[in-house]
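Novice: Using the numbering used here, the letters of the sequence shown map in sequence onto residues 10 to 75.
Among the hints, a few may not be true.
Said to hold, decoys possible - FRET-style restraints, in silico, Cβ to Cβ:
1) SER73 to MET51: 43 to 49 Å
2) PHE70 to VAL44: 45 to 51 Å
3) SER73 to GLN40: 45 to 51 Å
4) VAL66 to ARG42: 30 to 36 Å
5) ILE65 to ARG42: 29 to 35 Å
6) LEU58 to ALA38: 47 to 53 Å
7) GLN40 to PHE61: 29 to 35 Å
8) ARG42 to PHE70: 37 to 43 Å
9) ARG68 to ARG42: 35 to 41 Å
10) PHE64 to VAL44: 38 to 44 Å
11) MET72 to ALA50: 39 to 45 Å
12) ARG37 to LEU74: 51 to 57 Å
13) SER73 to ARG42: 28 to 34 Å
14) ILE65 to VAL44: 50 to 56 Å
Please keep in mind that the hints were generated in silico from the structure rather than gathered at the bench.
Ideal placement from N, C-alpha and C gives every residue a C-beta, glycine not left out.
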Amino acid sequence: MPRRRIRLRLPIGLRHAAGLSHPPIESRAQQRREVVSYMIAMVTSAIILAAFLFFIVPRGFAMSLT
């Protein structure tokens, strides 16, 4: 049932591009792993960007003013 749903949703070319040509359970686990790693990367970069904006930039700005 899940396999049929995936087949209906994605054309063959897209399925190969997304790496979904292996069995559905394996591909779903791999997809979840990729999504989780992507989310972790996004959150880490957002934290680094926020730290840079809120701590480093104002300090440099204040030092340039004085």
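Novice: Could you see if the CB distance from GLN40 to PHE61 stays within 29 to 35 Å?
Specialist: holds (31 Å)
Novice: Could you see if the CB distance from VAL66 to ARG42 stays within 30 to 36 Å?
Specialist: With Cβ atoms ~35 Å apart, the hint holds.
Novice: Does the Cβ pair MET72, ALA50 satisfy 39 to 45 Å?
Specialist: violated (32 Å)
Novice: 38 to 44 Å was suggested as the range; check whether the CB atoms of PHE64 and VAL44 agree with it.
Specialist: For PHE64 and VAL44 the Cβ distance comes to about 30 Å; the hint is violated.
Novice: Should the hint that PHE70 and VAL44 are 45 to 51 Å apart at their CB atoms be regarded as holding?
Specialist: Between PHE70 and VAL44, where Cβ atoms are some 37 Å apart, the hint is violated.
Novice: Cβ-Cβ distance between ARG37 and LEU74: within 51 to 57 Å?
Specialist: holds (54 Å)
Novice: Falls inside 50 to 56 Å, the C-beta gap from ILE65 to VAL44?
Specialist: violated (31 Å)
Novice: Given a hint of 47 to 53 Å, does the C-beta separation of LEU58 and ALA38 actually sit inside it?
Specialist: Between LEU58 and ALA38, where Cβ atoms are some 30 Å apart, the hint is violated.
Novice: Is the distance from the Cβ of SER73 to the Cβ of GLN40 consistent with 45 to 51 Å?
Specialist: holds (47 Å)
Novice: Okay, SER73 versus ARG42 on CB: inside 28 to 34 Å?
Specialist: violated (45 Å)
Novice: Quick one: are ARG42 and PHE70 within 37 to 43 Å, going by C-beta?
Specialist: At roughly 41 Å between Cβ atoms, PHE70 and ARG42 fall inside 37 to 43 Å, so the hint holds.
Novice: Starting from the range 35 to 41 Å, see whether the pair ARG68 and ARG42 falls in it by beta-carbon distance.
Specialist: holds (39 Å)
When the structure is compared with the earlier hints, violations turn up for hints 1, 2, 6, 10, 11, 13, 14 and for no others.
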